[in-house]
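Undergrad: Residue strings, one per chain:
Number of protein chains: 2
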Amino acid sequence: MTTLDPVGATCPLPRTETERVLLGHGSGGQLMAELLDDVITPGLGEHEPLEDAAVVTADGVDIVFSTDGFVVTPRFFPGGDIGSLAVFGTVNDLAMRGARPVALSLAYLLEEGFPVDELRRITVSAGQAAEACGVRVVTGDTKVVGRGAADGVYLTTTGIGLRRPGAAPTATGGVPGDVVVLSGPIGAHGMAIMSAREGLGFETAIRSDSRPLHELVAAMIDAGGAGVHTLRDPTRGGLASALNELAAASGVGVEVEESAIGVPEAVASACELLGLDPLHVANEGCLVAFLAPQVADAVLAAMRANPAGREARVIGTVTAGPVGRVAARTLVGSRRVVDMLVGEQLPRIC
Amino acid sequence: MTTLDPVGATCPLPRTETERVLLGHGSGGQLMAELLDDVITPGLGEHEPLEDAAVVTADGVDIVFSTDGFVVTPRFFPGGDIGSLAVFGTVNDLAMRGARPVALSLAYLLEEGFPVDELRRITVSAGQAAEACGVRVVTGDTKVVGRGAADGVYLTTTGIGLRRPGAAPTATGGVPGDVVVLSGPIGAHGMAIMSAREGLGFETAIRSDSRPLHELVAAMIDAGGAGVHTLRDPTRGGLASALNELAAASGVGVEVEESAIGVPEAVASACELLGLDPLHVANEGCLVAFLAPQVADAVLAAMRANPAGREARVIGTVTAGPVGRVAARTLVGSRRVVDMLVGEQLPRIC
Numbered sequence: 001m002t003t004l005d006p007v008g009a010t011c012p013l014p015r016t017e018t019e020r021v022l023l024g025h026g027s028g029g030q031l032m033a034e035l036l037d038d039v040i041t042p043g044l045g046e047h048e049p050l051e052d053a054a055v056v057t058a059d060g061v062d063i064v065f066s067t068d069g070f071v072v073t074p075r076f077f078p079g080g081d082i083g084s085l086a087v088f089g090t091v092n093d094l095a096m097r098g099a100r101p102v103a104l105s106l107a108y109l110l111e112e113g114f115p116v117d118e119l120r121r122i123t124v125s126a127g128q129a130a131e132a133c134g135v136r137v138v139t140g141d142t143k144v145v146g147r148g149a150a151d152g153v154y155l156t157t158t159g160i161g162l163r164r165p166g167a168a169p170t171a172t173g174g175v176p177g178d179v180v181v182l183s184g185p186i187g188a189h190g191m192a193i194m195s196a197r198e199g200l201g202f203e204t205a206i207r208s209d210s211r212p213l214h215e216l217v218a219a220m221i222d223a224g225g226a227g228v229h230t231l232r233d234p235t236r237g238g239l240a241s242a243l244n245e246l247a248a249a250s251g252v253g254v255e256v257e258e259s260a261i262g263v264p265e266a267v268a269s270a271c272e273l274l275g276l277d278p279l280h281v282a283n284e285g286c287l288v289a290f291l292a293p294q295v296a297d298a299v300l301a302a303m304r305a306n307p308a309g310r311e312a313r314v315i316g317t318v319t320a321g322p323v324g325r326v327a328a329r330t331l332v333g334s335r336r337v338v339d340m341l342v343g344e345q346l347p348r349i350c
Numbered sequence: 001m002t003t004l005d006p007v008g009a010t011c012p013l014p015r016t017e018t019e020r021v022l023l024g025h026g027s028g029g030q031l032m033a034e035l036l037d038d039v040i041t042p043g044l045g046e047h048e049p050l051e052d053a054a055v056v057t058a059d060g061v062d063i064v065f066s067t068d069g070f071v072v073t074p075r076f077f078p079g080g081d082i083g084s085l086a087v088f089g090t091v092n093d094l095a096m097r098g099a100r101p102v103a104l105s106l107a108y109l110l111e112e113g114f115p116v117d118e119l120r121r122i123t124v125s126a127g128q129a130a131e132a133c134g135v136r137v138v139t140g141d142t143k144v145v146g147r148g149a150a151d152g153v154y155l156t157t158t159g160i161g162l163r164r165p166g167a168a169p170t171a172t173g174g175v176p177g178d179v180v181v182l183s184g185p186i187g188a189h190g191m192a193i194m195s196a197r198e199g200l201g202f203e204t205a206i207r208s209d210s211r212p213l214h215e216l217v218a219a220m221i222d223a224g225g226a227g228v229h230t231l232r233d234p235t236r237g238g239l240a241s242a243l244n245e246l247a248a249a250s251g252v253g254v255e256v257e258e259s260a261i262g263v264p265e266a267v268a269s270a271c272e273l274l275g276l277d278p279l280h281v282a283n284e285g286c287l288v289a290f291l292a293p294q295v296a297d298a299v300l301a302a303m304r305a306n307p308a309g310r311e312a313r314v315i316g317t318v319t320a321g322p323v324g325r326v327a328a329r330t331l332v333g334s335r336r337v338v339d340m341l342v343g344e345q346l347p348r349i350c
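Heads up: the sequence lines are chains E and Z, in that order. The UniProt record's numbering numbers the first residue of the first sequence as 1 and each following residue consecutively. The UniProt record's numbering numbers the first residue of the second sequence as 1 and each following residue consecutively.
In short, the hints are calculated from the structure, not lab data. Certain hints may be false.
[To be verified] If you anchor each label on the Cβ, the simulated ranges turn out as follows:
no.: 1; chain 1: Z; residue 1: G113; chain 2: E; residue 2: V61; range: 51 to 59 Å
no.: 2; chain 1: Z; residue 1: G146; chain 2: E; residue 2: R304; range: 37 to 45 Å
no.: 3; chain 1: Z; residue 1: R336; chain 2: E; residue 2: P165; range: 56 to 64 Å
no.: 4; chain 1: Z; residue 1: V332; chain 2: E; residue 2: D59; range: 46 to 54 Å
no.: 5; chain 1: Z; residue 1: R120; chain 2: E; residue 2: T172; range: 24 to 32 Å
no.: 6; chain 1: Z; residue 1: E19; chain 2: E; residue 2: Q294; range: 55 to 63 Å
no.: 7; chain 1: E; residue 1: G113; chain 2: Z; residue 2: H47; range: 24 to 32 Å
no.: 8; chain 1: Z; residue 1: G321; chain 2: E; residue 2: F76; range: 42 to 50 Å
no.: 9; chain 1: Z; residue 1: R120; chain 2: E; residue 2: V61; range: 33 to 41 Å
no.: 10; chain 1: E; residue 1: F76; chain 2: Z; residue 2: A305; range: 37 to 45 Å
no.: 11; chain 1: E; residue 1: G251; chain 2: Z; residue 2: A132; range: 32 to 40 Å
no.: 12; chain 1: Z; residue 1: R120; chain 2: E; residue 2: A226; range: 49 to 57 Å
Just so you know, even glycine gets a beta-carbon here, dropped at the ideal spot from N, CA and C.
With the hints as extra help, turn the sequences into a complete structure.
TA: Structure follows, in structure tokens:
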């Protein structure tokens, strides 16, 4: 009997390739969650998962603090551009913790040779977006790298905000019996980027839903107070990933009605054409909420009175479990498990 | 007489090239100041220059807020790496406004294919640096771009901090008669990066001075209170650019003694070899201060009792003007004007 060397000492090549970062590690889905859990959170010496927006207590004041990088391509797309997207994205991350934005920072990473005119347009757009949200960009940074060491311009925005009194929404706040509400139709941002990107062979009238949600959240908290348990804007990874993350964080299950989830017809057609599930497509202008049942009607009414929530609907309920499981009742009445996005659907979506 | 068309209508090429971002726009010197003044500050709708660290008042609490991108190459260099540099750099920006760090965010921009092991090393270094400063990284972001759309990894750190009571140092705080103090020798970071970078043809034992300065600042404020008028860490653009910025912001002149400015021998030799002025070389572990004369001795003594300020020295005085002019008395007794760095000395130094 021949004994094979179990550690491969006789093999000229190592058995496992060096682990490398994949595009999917930035997708907002399963791979990214693994990178965070295996490398980043323990590397930083943290024990808790990093939240999209953290709450920091300083001199007795609760400050909400959030950062986000933007690498979207193309930089100008139907319904927005990298400048306004960066501002709205960070304003929304603050809003998901119940905060109004107080100040933003904006860090530019520029590639040598980038047209100054385009930089100006992006900066003006960011400034207008900030003004529309009633917040100022108070500090920033500019780095330039050589040609080929970046692709034009990348932005990193960081925001600080103050919580509105009366509510402290958190990813861990969902409890069985909560009503799951979605503020509007899904899939527009991801499909707008796809349609704008060259070479994908289709073009539609889909515009990104990129917009600020802090006023919608303010109206929800005014109406529902502490009954607003959990808020999340389903960006990268789409609604499916957001619901999975919330279910896991809260230690609950989620059951949704597929028929209740609004998908614009153009988005549905494009998804069918490309073989994508709209539940995995990125959004930049809607939110999903877990609400205490006794406040759900009042919050829903308040949402519908706000331009960003006019199409708000109940899409499901929070269940006792199985913990972390998201299930959908399909249009034909069967049930399916809704998984997180695995791998990468569309790189550089935000 | 032939009339030449003054607008070049007969010329097949436009007379002015489209303005493009240059490496020098990220140098911390004159070009960067112009980009900020001409494009970024007005584009954002701001009237005041953006400060390195802004002070934001929220619910009656003054929060210091600062952001900084890091693109240094090589990522590991004598005396530090991109992870610790990013943390210390942001801690120092907060400290220059008299703040202790309260929380940090860390946004990664990764190139597809980047080794996960290296990402882990950088993250661990950032985590250890944060621990050494008594601050936590509480939130973050991870974006991945395709191969060739970045060079490995870039980091953006943002910090929030709280001002120590008793002082509010600001770039505009210098007044004629102030004593100019430098906390230690200059040029080590820039020369360490140069020596570590391939292809420059020299190698030295120079280590970056990258380190946190918040405890040094705390000791200074304890000793000098409101007499600590102005603090600045002379990073990109070096001591010369920092002094020019402070002179302009405070509406004063500055006069320094060249002989009082410590330049390690290895740094001086390397600068001579490369034809660089040590005053333009980047630092990551020293600060320059404008101090009221009545507190200068006490502050200097406190600085020297701190490891980061052991070699602190008086290097000059703040004068009534000419406003914005920095002059140096040279070793041979003549006087020269010390200009800001123009163009780019060494890209991707931090």
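Undergrad: Work down the list of hints and note, for each, if the structure agrees.
TA: Hints, verified against the model:
no.: 1; hint: Z:G113 - E:V61: 51 to 59 Å; verdict: violated (43 Å)
no.: 2; hint: Z:G146 - E:R304: 37 to 45 Å; verdict: holds (41 Å)
no.: 3; hint: Z:R336 - E:P165: 56 to 64 Å; verdict: holds (59 Å)
no.: 4; hint: Z:V332 - E:D59: 46 to 54 Å; verdict: holds (52 Å)
no.: 5; hint: Z:R120 - E:T172: 24 to 32 Å; verdict: holds (27 Å)
no.: 6; hint: Z:E19 - E:Q294: 55 to 63 Å; verdict: holds (59 Å)
no.: 7; hint: E:G113 - Z:H47: 24 to 32 Å; verdict: holds (30 Å)
no.: 8; hint: Z:G321 - E:F76: 42 to 50 Å; verdict: holds (46 Å)
no.: 9; hint: Z:R120 - E:V61: 33 to 41 Å; verdict: holds (35 Å)
no.: 10; hint: E:F76 - Z:A305: 37 to 45 Å; verdict: violated (55 Å)
no.: 11; hint: E:G251 - Z:A132: 32 to 40 Å; verdict: holds (35 Å)
no.: 12; hint: Z:R120 - E:A226: 49 to 57 Å; verdict: violated (40 Å)
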